[in-house]
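Q: For reference, the chains in residue letters:
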Amino acid sequence: MTDGPLIVQSDKTLLLEVDHDSAAECRKAIAPFAELERAPEHVHTYRISPLALWNARAAGHDAEQVIDALISFSRYPVPHALLVDIADTMGRYGRLRLEKHPTYGLVLASSDRAVLEEVLRARKLQSMFGVRVDDDTVAVHPSERGTLKQALLKIGWPAEDLAGYVDGEAHVIDLVEDGWELRGYQRDAAESFWHGGSGVVVLPCGAGKTIVGAAAMAQASATTLILVTNTVSAHQWKQELLKRTSLTEEEIGEYTGTKKQIRPVTIATYQVMTTRRKGVYSHLELFDARDWGLVLYDEVHLLPAPIFRMTADLQTRRRLGLTATLVREDGREGDVFSLIGPKRYDAPWKDMEAQGWIAPADCVEVRVTLTDSERLAYATAEQEDRYRFCATTPTKSSVVQALVERHRGEQTLVIGQYIDQLDELGERLEAPVIKGETKIKERERLFDAFRSGEISVLIVSKVANFSIDLPEAAVAVQVSGTFGSRQEEAQRLGRVLRPKASGKGARFYSVVARDTLDQDYAAHRQRFLAEQGYAYRIIDADAILADEEI
Amino acid sequence: MGVSTDTYAEWLRARDDTELRALFACRPELITPVPADITALSSRASAPSALSRALDRLDRFALNVFEALLVLPSPTSRGDLATAVDADVSEALDRLRSLALVWGDDRELRVAPGARQAIPHPASLGPPVREAFASYPSDRMSALLADLGLDSVDDIPGRIDFLIEDAGPEARAALDRLAWGPPIGKVEGARRPVTLATANSPIERLLARALLAATDDRTVTLPREVGLRLRGGRVFRDLETAPPPLGGTVRDQALIDRTAGGQAFTTVRVLEDLLERWGVDPPGVLRSGGLGIRDLRAAAVRLDLPEWTAALLVEVAYAAGLLARSGDFDGSGTGGRGGDALWLPTQAYDLWRLHDSERRWVAVAEAWLRSDRVPGLAGERDDRDRLINALSDDAIRASAPQVRRAVLAALAEAPPGTAPAADGVYAHLTWRQPRRGGVLRERLVEWTLREAEVLGVTGFRGLAAHSRALVAGEDAAKVLLKVLPEPVDHVLIQADLTAVAPGPLVADLGRELALAADVESTGGATVYRFTPQSVRRALDAGRGASELIDLLSRHSATALPQPLVYLIEDVARRHGRLRVGIASAYVRSDDPAVLEEIMADRRSDQLRLHRLAPTVLASRVPRAELLDGLRVLGYAPVAESAEGSVVITRLDARRAESAGHGTYAQAHHAAIGSGPDVSVITAAVRALRAGDEAARVSVPNGSPPRSPAAAMVQRLREATDRGSRVWIGYLDQQGQASSRIIEPARIEGGFLTAYDATRAAVHRFALHRITGVADVDGSA
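Chains as they are written, first to last, in our numbering: chain A, 157 to 706; chain B, 2 to 781.
These are calculated hints, taken from the structure and not from any lab test.
Nothing here was measured: the structure is a model prediction, and the numbers come from that model.
Glycine is no exception: its CB is placed at the ideal position from the N, C-alpha and C atoms.
Check the hints yourself; a few may be wrong.
[As the list claims (entries may be wrong)] Per label pair, the in silico range of CB-to-CB distance:
1. E475/B x D244/A: 35 to 45 Å
2. S267/A x V520/B: 53 to 63 Å
3. S267/A x E381/B: 30 to 40 Å
4. T33/B x R269/A: 53 to 63 Å
Isolated chain B, as found in the complex (with noise of 0.2 Å):
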């Protein structure tokens, strides 16, 4: 830090890896895609959008401390500074640093280029005299300093308080509404020219004194010096160097990990459920590509649960890839459904099943925290008055991840067992990020806190210490498996031909329990009850009697009551006097001769016949499928319509056939962490030096360094087949030279196709335009 720098591009080449490590790894928008060099690094960070986004991420005090610099003369000393806002700057200097807001050694602190024009009224506070009077012409600038019996617009400063007196008590009445800002006002005709003598208005008397500048014909603008004067050389009233305390109720850190851990157990469960029952029975994708209110309302009452909630899971079973659209997609079906296209459990739902909750759970959650889509959002009406559907593209907003992230920030931050009030969270997020405010972000907060509280992050509204593992990143399936209910593997089975199980049943034994009755009631408990119909399901899925009964012994707490015995095999006796089997499809020939052939041809194994009569072989698999292996054996079959000897006994549940938006399997891997993945930072910061260093030691054509062709090839071929990330200089179409970190993916035609990672997007790159290879793995 003790080099002296002239310049913000020199100050910025002089940052080491780290502190540019730590640059991008805030401001990623500055790596995408990587500059060519620190020059154009520096002039990426001082474009007015760059510097927009940079200024988002401040929290209030930071803001104000740059606000401060901006106000202060150029450059500023650290002391001075301190003085200026009364606090102590450290922390929020090294912040605005590290963002390259400020430049500079704590001597001589400057503001990154261009963040004047970024914040117009810093500190509320309006333009200098100097600037405030610009836009007068010269001649009603010298009557107005004549009046005024002034040389020059400089002097204006040094008379304010003359000039304040001098305006009379009212005027001070009138600036003082101006003084803590907005430091602008609207008047009438604020260009009329006026005199001392004239000056009748308090207004007027202002602006004939010059402690007001007129704008515009509507606006007159407070200059800075005046203002300044008018707060008593104080920058801030009242300066909150740390965020408001969050408040709300303490309760016991132990119910509270206790309740959220039931409601996450209950989460889990409710989402299994209604995702089987869209295996067998899906809702349909509306044209929009969301959920039919209807469909919404009618999972929510089947699941007894309010609409909003139901909303919520489902976009958090789509936001986790466990649910997809699935078939024809293509917007022209009738009644605003699109297509045939259905809403279907994902093979990655199928995946996620397998887990146990602690980890389903945590896939869930992750899904939430990550997702860009409002289920809150669900219900409502758009800018245009048009219903905003689940599951539409609608329901997206790109904030929601971060105020997500913020709001359990909020909440792990303060002591445990504390469950604020969604106004004190929300009064905490403004503090963090006070540019970023807005309804959308209250209403994002307010959703958050509800949405939390259903998936069990939070426990009445305190965060569960197995939330505070997955916002920090640790192992939170093994924190949340401490406050599950403990599987049991028995039940209670009552005259009533009920059956209890008094908690999470062991995975084989509640699959069993399932076909073998009927689940009446769920929650901490899952009541069962069994009837005719479903011990017949359970035999009809192969159990027999005597298995079930002995299963059920087995497992029962007390001895089995005789009447469920007695229905058990009153059932099983009646069952099967009618034969049924499960075949998809059938093949059918008035020839018998041409299905013993058939039968015969070894080729139609896979097809899985059986014969169930000389003219009718039935099948296992679907029927198109079948048409098509008999059309590959050689014979010409036709598809028989629906109607008349169908012998469908049941559709197997359905699964979408893409993987879904955001896999269950991709999620498990991704760190939750916002923001670019270490390994680019790290590459990018390499490519830039490099490119640096090329642009100013002066090669002939500037470009990045150059490997000889055949060698460049060899490497890029293993970064290939290591599946590695390299860095690349590239001659784009126009000569313009630049850095990318790629991963290579296949070399052909005197192509390389790789996934751009500073572009996130797959590119091809023509090869002769590669001027250089370089790892970029080896030395993260």
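This is chain A alone, in the form it adopts within the complex (with noise of 0.2 Å):
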């Protein structure tokens, strides 16, 4: 009997004990071809799934070195049945490739004819191939590189894209490093994506996904498509690339719904490029508009469906996909990884924050509890309102102002879901309400008196769930929220998780009614942030009502 840090569960599932001596080592060998799955605190888990190990292989890793860090630090016995699992996946990688031929553009050649003919055959694909050139070569239309790479990896045969990338219109872009300077973990993720070609960032709310695109822009040098999921958002792309890169307003163009310009560098909102006009996409043009050198896509888990299918005709472009959490609720993780690429780059959050990238954050998990006769009415209420009724309790302000004013003169968000709910808060606290309805300039000089610290209190509705950058909030009241999302949950979180200049930790304080839907809810919500090692303490009302320690 060993006594390594790990042990291979027969679901291909890797337990790490994390208070391991060498867990640090074992970590280093595993990354490449297990995804990290969960890191609370004492076990992380990682999973050996088909597209890990093909990434693997692609990145230059084979069978032997894979089996050999199981075996080296595996502290019981390796199932043999996995390792020949492995090294059979891993041996269907590189059979097929994708590769340019001079007269035939794009083909697949394979150098296993058996497979080749098993390909063929696949019903699901045989629209997308061409003219067979040879034996061992068909001709494949080039629009469907990125729908037959897709569908390959589903018949489990992927293929090794050996057809590269245009290079698109050059354009010349530099970081601008003053006062600041490129982090490590921030290089590395734009490192390992260019040398990937395409793929997704998986980055902590805070540690800067920005700066890794920017970074990812320049090593492109090239013009770029930016999408991101709103108008705030597209705005604060544009600030930040005009402080970080030595690109000017006039190159930088923002394609919403009130502008439509087309710069080198343009930046486009989700709803715009999926809004139809008489059942037709009518912003489509926007992707053949400039040969574009890189797309980027951010906040990637919330890419809607369209765009995937407008993204399959890219596959020659550049891709790069940031996000803090590759949790869709919608179960379409895997569309993301064939269709931008797979995951290239992702940091526990714990480990950030060990590192000082992102702040401590403290979560605690606040019970109110129904008074009898609001249970009896949550208890008769309609299914359907029945959320709403216990998520917005009243019981809940008082909740709320306690919490607020046991922090007053910390910069504070109360984040909320139902807008009755909110304005009531609002007027109650005396603080603005940021919602739908605001307009844009509003919301963003309400965003730069917080900034300032002019107002220290600000309640939003989930218009503001993403890419709002409140610099210095330290403390957030979540009182309800979409349901059980557990994206949703982690991105609020990301709200408090910019360092603070004092150096202190961030509170994130979600307010619960007991023994209702409300804490169900609360509990999935709160899985993926488990899984990442935030441990949420849970107190109950009164105490914050009385004013005791907590």
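Hey, can you piece these two chains together into the complex? The hints should help.
A: Here you go:
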């Protein structure tokens, strides 16, 4: 019996005991071929998926190395079947290659004729192939490059894409590192993306994903299309790029509901891209408007389904996806990987915290108890109204007020789902409310005021869920949310994770009604963060109201 | 051995008891039933089927030596034999003698009678000239001889060299093709009359020169003497005196042991997992008696295993008696289902579960080794293109246990750490038993190797130390224990409500955790997840919140995360607002007085009744039992349909009623060695000797020794009480005398009912036909 830090499970998950002496070494050895799935306090879970193994192959690792890493770090014998499976799976990679052909353009070539025959006979794939060039080669319609790769992955014969990328229209972009510099992990992330060609970078909120984007743009030095979630976010990207790169106001265009500028660097919103007029996507031409050298997807976990389809046609362009939480409630993570590219960089939140790049956060779940009459009303409420009822219980308001009081002087955000509730809180706390109907101008004014400390409490609805940049929010109070959305919870926590000038930690409160749906949803929402090592403390609302030490 | 004997029977008689015992151990069919005397034994041993079975047991070298003896003139001396095969024959001769295939001393070696017919073409040589031409009509023969200028067939061998030379090079080439066998060839019109003058084609020239004999219209045979001459006097071209080396890669034996140990542990765990599930949700039995392919696939998916592995586990569970058919199996069901019959874990399974992992594995591995069921056949199609289902009788192949044992024996012979490839093992086995080849064996070898890997018999295809012990009949469990992961008694509990057991848990803790949390992943470690449902389950099972928290904090290596404590307390707070009891059946009556009366009756205690309401009693016994119980008490209850007010909450896991195929308990005692028990052999030898004595000493009726009737019955009764074996002389209805080794069970009505060990069946013997009784075990 060796005393390794790793335990290999029969379902192909790897358990890494983090307190073990050689845990760091082991983590390094398994990272290339296993995906980090959960990272709570003691035991991290990695998963060996075919995709991860193929990515490892693509990055130059062979089965021997993988097996060796497993055997040498494993505490218990590694099931032989699993080793065989790994060798088999990795052996599948590269039998099919997408290549450039002088006369046929894009072709699928194979070193294993049987595999090619199998693939050619797959019904779902037939429409994607052109003429048979020779026994081992078949032409592929260039527009099908993405869908073909995706389909081949699904049937277990991943194609090695050797057809390369178009460089796009060159456009000089430099990073201007004045008074700041690229952090090590940001450089690593940008480089591993560039090395891989296309892919997704996963970094916690507040870790500077925009800068990774800027670094990637500098690497590409080509015209860039940036797709973001909303207009505010588009503005922030612009501000950030002006600050971090050599780009000037004139070089950056905005393509939003109001402005339709197409410039060397163009920032467009998902919303505009998916707007349909008479059933047609009217802004699709943007993709062809310029010879883009790089397409950047911000918050890729929110990428709407139509964009997946459009993106499939962009396979010759380099694509970079950025996200904090690759958890999609619609389960389409796989599509993100196959259409944008595999995960190129990932860092556990707690590691970033340990290195001081994000602020340590104290997550507290505050449980309020419904009054007896509320309980009765809740019990008899219609199914579809129940969550709203318990999430907006008036009992919460006094607790929120007590929390805000408690942190007087600190920049505090109150985040919620239901406008009525937020308006009521706004009156009670005498704080401004930002919601869907708030004008962009007004939003930005309030953000600036908050940033400068002019106002210290801001109430926001879910319009502010993403990409708002509130540097000094130290406390967030969540009163209600989009049901059990794990990534919303992570995004909201992200609002307070930027390192504070004071070096103090952040507080994240989630106010939850006990014994109701609210509590069940909260448990689900917290799962992602708990798996990232954020342990929620649960305290009773009475303790807050009584102003006890918590 | 020095005694010179004239006949096979006499030679057999001259064998000492040890030698006879060895013979019967190798050829058990000779004593089933025990022959009356040595003469009967000798004729049985030379019967074609018996000879064929004995020859099947020879390895290639011994078989070659035997064939050489058939080719050489009889009797042959050992020296001549050694010269002919150009090898040391002593070991092979010992083996042949111990199997009674060869008899006589070293100066005069002879083959057992009938052996010549058993091997038509020894060493791929045709019959001697005399036999080869025996079928020629005499006029044709004399014409042939006259043409060659010879007087007799016996003159041909002396002229072979000349005749070959004379036939020319083309004819020589044709001969060479037959030289190393097979010694027969196909030609059109083989019997056409040819003479030296009319012969045209090479074949005709050979036929005209008596170098080939026409066997029928289309077949020609190369006579033995011609063949031997063509071979330059050698009987064999390349004699393999030892098995071909296994080859294969060499690994660290410790790694092999560890890997196999891990796999052994997994096998036991997965089996338990499967059988636990089937205890609650059992699959049906097909009309053909097997397990439906859909059920097999479902099991494979649930266990996350390939289908063949699932089939293997299911078959092994069945072979070990852990799984059995239960319920009405009458073949009347619809949709291929055999009535209401289900596949259920047996009571032996409950027993098995109580043992430690290593003992459990040994039970399973032994069952696999011994089983004549072939899991690899599941999912294949038989000769009539019907699907072979797992657990059906179609998956039985009698040779399976023998091949498995042979494969493991071959692996055991290789130096430690060797991981031979399937080809090497197959070549080795072919050498060991060249007459038992065939497609099935090849597949069985392949299946055995892959199954051994899954079951943890081998690791990285090398035989593990514990399996070596298993094959050798030693205490495999003790060896296995050393490589099994040590049980741990702590878990790591995390804030995401998971608990990780970094190794196999000690049984108690494992059970408690499985109750309070859902298993999320298994393997070297087990990952549990606490959910409101799982905590509720524990509370339902009678655990209290504080008890649970206490248990977890005692076994947690780190502080208990607060969210978990809250989870348990939250669930506990809500738990029990509704109260649900466990009851299997209920009694309802509109008249509360009747129920009062039942409750007051002390005999109703065993019905485990509990009054829920004035007009309702709940019972913990099954409905059928409750109905019967009430009837016994003098009431006239009627069963109520399941609709409406059923109180059954949870069906307990069910068990098969039958004990199972090869019960675990039995499996535990019987030795794995194939072939009959030592005591049976010893008894057989004694019986045979006695019978022989009786036959040779001229007793008036030549029957086995007689005892006075009263004394005889007394001895049988004693044997019945002791449960010991005796051998008896018995005259059957035709007056044939025979000796039997029996285990008397009871004596009544002038009959003795006993297990007849020599026929492996229970028989009734008429007491008046039993001629004598003698002890068996006493002298064994």
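Q: The structure should be examined with respect to each hint, and the outcome stated for every one.
A: Structure-based check of all given hints:
no., hint, result
1, E475/B x D244/A: 35 to 45 Å, "holds (36 Å)"
2, S267/A x V520/B: 53 to 63 Å, "violated (42 Å)"
3, S267/A x E381/B: 30 to 40 Å, "holds (32 Å)"
4, T33/B x R269/A: 53 to 63 Å, "holds (57 Å)"
Hint violations for this structure: number 2 only, all remaining hints satisfied.
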